[in-house]
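Chemist: Sequence:
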Amino acid sequence: MKKGNSSSNSILSEGFVSDQLPVLFFALILSYLIYGISMKQLPDELSDLNGHVYVYIATFTGVSPVEGWKMAPYFLWHAFVLLFNKVLNIPVDVSASVTCSLFALGSYFASVFMIRRWCEFSDRKMSHVLCGFLAFTLTVLQPVWIEYLDAGSARGIGTFSMNPLFNPTHMAARPFALCCFMLVIDLFRLHDGKETIFFRGNLRRISILLAVFLFLSAMAKPVFAEMFIPAVGLMMLAGLFCRIRQKDGSAVSYLTKVLLPAFLIAVPCLLCILVQFLAYFLFGGSYGGGEGIVITGWLEVWSFFTENIPLSVLLGMSFPILVIVTDARNFLKTGTGQLGLTSYIVGFLECALLGEGGDKLSHGDFIWPMLFGMLMLWAAALLHFLEMEKRAAGTSSRIIMIIGWILILIHLHYGFLYISEALGWNFFLL
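Each residue of the sequence shown is one higher than the last, beginning at 6 in the numbering used here.
One or more of the hints may lead you astray.
[Claimed, not checked] Using 20 Å as the maximum straight-line C-alpha spacing, the simulated DMTMM-like pairs for lysine to aspartate or glutamate come out as follows:
| hint | residue 1 | residue 2 |
| --- | --- | --- |
| 1 | 130 | 24 |
| 2 | 130 | 392 |
| 3 | 395 | 332 |
| 4 | 252 | 197 |
| 5 | 365 | 53 |
| 6 | 338 | 128 |
| 7 | 338 | 197 |
| 8 | 262 | 355 |
| 9 | 338 | 392 |
| 10 | 262 | 197 |
| 11 | 365 | 305 |
| 12 | 395 | 128 |
| 13 | 338 | 200 |
| 14 | 75 | 370 |
| 15 | 45 | 370 |
| 16 | 91 | 72 |
| 17 | 45 | 98 |
| 18 | 365 | 355 |
| 19 | 130 | 394 |
| 20 | 338 | 426 |
| 21 | 75 | 53 |
| 22 | 199 | 128 |
| 23 | 365 | 50 |
In short, the hints are calculated from the structure, not lab data.
Please model the complete structure; the sequences and the hints are all you need to start from.
Modeler: Below, the structure written as structure tokens:
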């Protein structure tokens with residue numbers, strides 16, 4: 006693969022406004038759908054959106070700002086709603102729905118950016134229509150749910166989704182998560198003396214951007230960083246261990262020039278999460294009734310949601326599994342593949358082993374980091390799939406490509422099923 010440049014851009018006719026219309030068209034559809042879903046969910050007292058708007062936001066403007074913060078210490082999404090509502094005098098339901106649409110668009114355009122940069126890097130030509138379609142798909146796709154297979158009784162419960170459109174704070178962290186994924190790939194490449202793929206700049210600029218996006222992700226919801234920082238740390242510790250085994254003195258340099266600076270990048274985010282956990286477990290906040298973090302039995306919490314966990318994994322991760330099974334050697338050689346798989350493994354382990362004691366054990370709050378691990382692996386698999394398609398030559402390779410596209414379309418179909426049900430449409434068939 007080679008580095009693209011401004012004179013040989015793999016996205017055709019880059020730079021003309023008319024060429025961007027397909028990308029903007031998909032963005033318009035996405036914002037319309039997310040706005041509609043949010044407006045439909047708000048009256049439901051059991052919905053996450055209703056709670057965040059009419060319970061959490063009410064506390065920000067109630068007794069005192071401190072009490073409000075204790076209820077929702079990750080308040081980036083809420084701050085946008087309050088900005089629209091209190092400063093611009095937009096009704097609170099419209100403010101919440103607009104905010105959901107804005108963060109969904111943030112995820113969408115982050116995906117567009119990621120796909121474009123990857124195409125430039127790998128010298129793969131891609132139309133603006135396909136780029137917009139893939140970014141849209143990555144933002145709304147859902148796991149396959151088949152009720153009679155005992156892998157989740159209804160609408161993805163048990164299979165779980167990397168796009169939980171019903172949870173506003175998780176979706177608010179999503180665009181920052183994608184940016185962190187790209188920045189870490191660039192950081193690894195700079196450490197290896199290579200050019201960046203996604204963001205332009207030197208080591209200092211990439212490090213600053215990563216620190217900022219990590220911090221913003223924690224301000225939106227800490228669960229991404231709870232998975233991502235350990236995943237990146239494990240990859241770096243593995244690199245240190247390999248250098249120690251080489252016994253050539255490179256381990257000391259790696260420790261001082263790579264590991265310690267990487268830790269400093271994460272410090273603002275870690276401090277933010279520490280303060281949030283103090284609000285959760287010491288001040289009470291929205292986590293009253295729990296007994297703090299506990300080590301659970303293996304997959305104990307997940308078992309509350311499904312009778313067949315392996316099948317649930319397959320129905321939620323069929324596309325990444327196909328990519329890994331059919332091209333594991335090349336996938337695991339790349340930084341994107343290694344980071345995506347490590348992120349999913351760490352998220353899976355957190356889901357399998359961690360929970361909250363007391364009344365909140367069955368809430369599955371530590372499933373959320375795995376959802377971001379799913380996102381990282383899906384993103385890595387999609388980028389690698391585009392590379393696989395570019396070099397597909399034989400009949401077997403082309404059959405794999407066809408199966409891959411079919412799986413993507415199936416997951417998109419279930420995304421539309423989710424959206425149609427949320428909007429009250431009834432013209433989609435199960």
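Chemist: Decide, hint by hint, whether the structure agrees.
Modeler: Here is how each hint holds up against the structure:
1. A distance of roughly 14 Å separates the Cα atoms of residue 130 and residue 24; the hinted pair therefore holds under the 20 Å criterion.
2. Under the criterion of a C-alpha separation no larger than 20 Å, the hint pairing residue 130 with residue 392 is consistent with the structure, at around 11 Å.
3. Between residue 395 and residue 332 the alpha-carbon distance is near 14 Å, which keeps this suggested pair within the 20 Å criterion.
4. As the CA atoms of residue 252 and residue 197 are separated by approximately 19 Å, the hinted pair is consistent with the 20 Å bound.
5. A distance of roughly 16 Å separates the Cα atoms of residue 365 and residue 53; the hinted pair therefore holds under the 20 Å criterion.
6. With a CA separation close to 19 Å, the supplied pair residue 338 and residue 128 stays within the 20 Å bound.
7. For the suggested pair residue 338 and residue 197, the alpha carbons sit about 14 Å apart, so the restraint of at most 20 Å is met.
8. A threshold of 20 Å between alpha carbons decides the hint, and for residue 262 with residue 355 the separation of about 29 Å lies outside it, so the pair is violated.
9. Of the pairs offered as hints, the one joining residue 338 and residue 392 holds, with about 13 Å between alpha carbons and a cut-off of 20 Å not exceeded.
10. With a C-alpha separation of about 12 Å, the suggested pairing of residue 262 with residue 197 holds against the 20 Å cut-off.
11. The hinted pair formed by residue 365 and residue 305 meets the criterion: a straight-line CA distance of about 13 Å does not exceed 20 Å.
12. A hinted pair counts as satisfied when its Cα atoms are at most 20 Å apart, and residue 395 with residue 128 qualifies at roughly 9 Å.
13. For the suggested pair residue 338 and residue 200, the alpha carbons sit about 17 Å apart, so the restraint of at most 20 Å is met.
14. At roughly 18 Å between alpha-carbon atoms, residue 75 and residue 370 fall within 20 Å of each other, so this suggested pair holds.
15. Between residue 45 and residue 370, the direct Cα distance comes to roughly 24 Å. Violation of the 20 Å bound is thereby established for this hinted pair.
16. With a C-alpha separation of about 18 Å, the suggested pair residue 91 and residue 72 falls inside the 20 Å cut-off, and the hint holds.
17. The hinted pair formed by residue 45 and residue 98 meets the criterion: a straight-line CA distance of about 10 Å does not exceed 20 Å.
18. Taking the CA atoms of residue 365 and residue 355, the gap is near 16 Å; set against the 20 Å cutoff, the hint holds.
19. A threshold of 20 Å between alpha carbons decides the hint, and for residue 130 with residue 394 the separation of about 12 Å falls inside it, so the pair holds.
20. Distance restraint check for residue 338 and residue 426: the Cα-Cα separation of roughly 41 Å exceeds the 20 Å cut-off, and the hinted pair is therefore not satisfied.
21. Pair hint residue 75 plus residue 53 holds up; C-alpha atoms about 17 Å apart against a cutoff of 20 Å.
22. Restraint check for residue 199 and residue 128: satisfied, since their Cα atoms lie roughly 17 Å apart, inside the 20 Å limit.
23. With a CA separation close to 19 Å, the supplied pair residue 365 and residue 50 stays within the 20 Å bound.
Of the numbered hints given earlier, the model fails hints 8, 15 and 20; all others are met.
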